[in-house]
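Undergrad: Sequence:
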Amino acid sequence: RRRRKERKVKEREERGGRGEGEGRKRRNRKKRRRRRRRRRRRRRKERKEEEKEKEKEKEKKEKKERRKERKVKEWEERGGRRREKEKEKEKEEEKEKEKKEKEGERWKERKVKERGERGGRGEGGEGRKKRKRRRQHILSIEQGCEAFGDLSPHFMNALRPGGSAGGVFGKTQNGRHTTLANPQLTTVIGT
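Just so you know, we're using full-length UniProt numbering here: the sequence shown kicks off at 1 and counts up by one.
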């Protein structure tokens, strides 16, 4: 091997430098080593970065969990599911109330509009409730008259809403009557 090496060196000197292809193996070996080193370095770097990412993700998850636990705890302190249900119920009731109010207003508006179109209240149906109330009031007045011991039509008419019974009744703002002088009547009629 030594002799071969010497021969090679001698030939190289005669030629004045290395020829094509000579010393190729060594150069290639160097290249391979360099490549391997670079690859290892790159892989190590990538692995480190991956580990960092994983660590970050883990931290994020833990943070989220802690936050969730804290929120649940606070929620429990505030009354939990029961309180939530109560709130929902209250909301529903409020909505229902508003709906009813709106419907009532709409119904009233519609009735008034219809009445305007018709040019007055109709026969029988409309204003029935009010008339019924008045009738009940008159009945109670009759009972009052009985209690007072005067059943004359004059006295009865005087006691009806809008009537004028001298010292017995006085008018209130809404046109109804209240007893003033006679305690016997008060017990039966009231207002």
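It is possible that some hints are incorrect.
[What the hints assert, rightly or not] Heads up, simulated EDC-like pairs for lysine to aspartate or glutamate below, C-alpha to C-alpha not over 20 Å straight-line: (1) K113 / E103; (2) K63 / E51; (3) K99 / E117; (4) K52 / E62; (5) K108 / E96; (6) K64 / E76; (7) K85 / E74; (8) K95 / E76; (9) K25 / E46; (10) K99 / E109; (11) K87 / E98.
[Said to hold, decoys possible] Pair ranges (Cβ atoms, derived): (12) K25 / E46: 24 to 34 Å; (13) E62 / R33: 42 to 52 Å; (14) R82 / R42: 34 to 44 Å.
Simulated from the structure, these hints should not be mistaken for laboratory data.
For every residue, glycine included, the Cβ atom is placed at its ideal position computed from N, Cα and C.
Undergrad: Each of the hints needs a verdict: does it hold here or not?
TA: Cross-check of the supplied hints:
no., hint, in the structure
1, K113 / E103, "holds (15 Å)"
2, K63 / E51, "holds (18 Å)"
3, K99 / E117, "violated (27 Å)"
4, K52 / E62, "holds (15 Å)"
5, K108 / E96, "holds (18 Å)"
6, K64 / E76, "holds (18 Å)"
7, K85 / E74, "holds (16 Å)"
8, K95 / E76, "violated (27 Å)"
9, K25 / E46, "violated (31 Å)"
10, K99 / E109, "holds (15 Å)"
11, K87 / E98, "holds (17 Å)"
12, K25 / E46: 24 to 34 Å, "holds (31 Å)"
13, E62 / R33: 42 to 52 Å, "holds (44 Å)"
14, R82 / R42: 34 to 44 Å, "violated (59 Å)"
When the structure is compared with the earlier hints, violations turn up for hints 3, 8, 9 and 14 and for no others.
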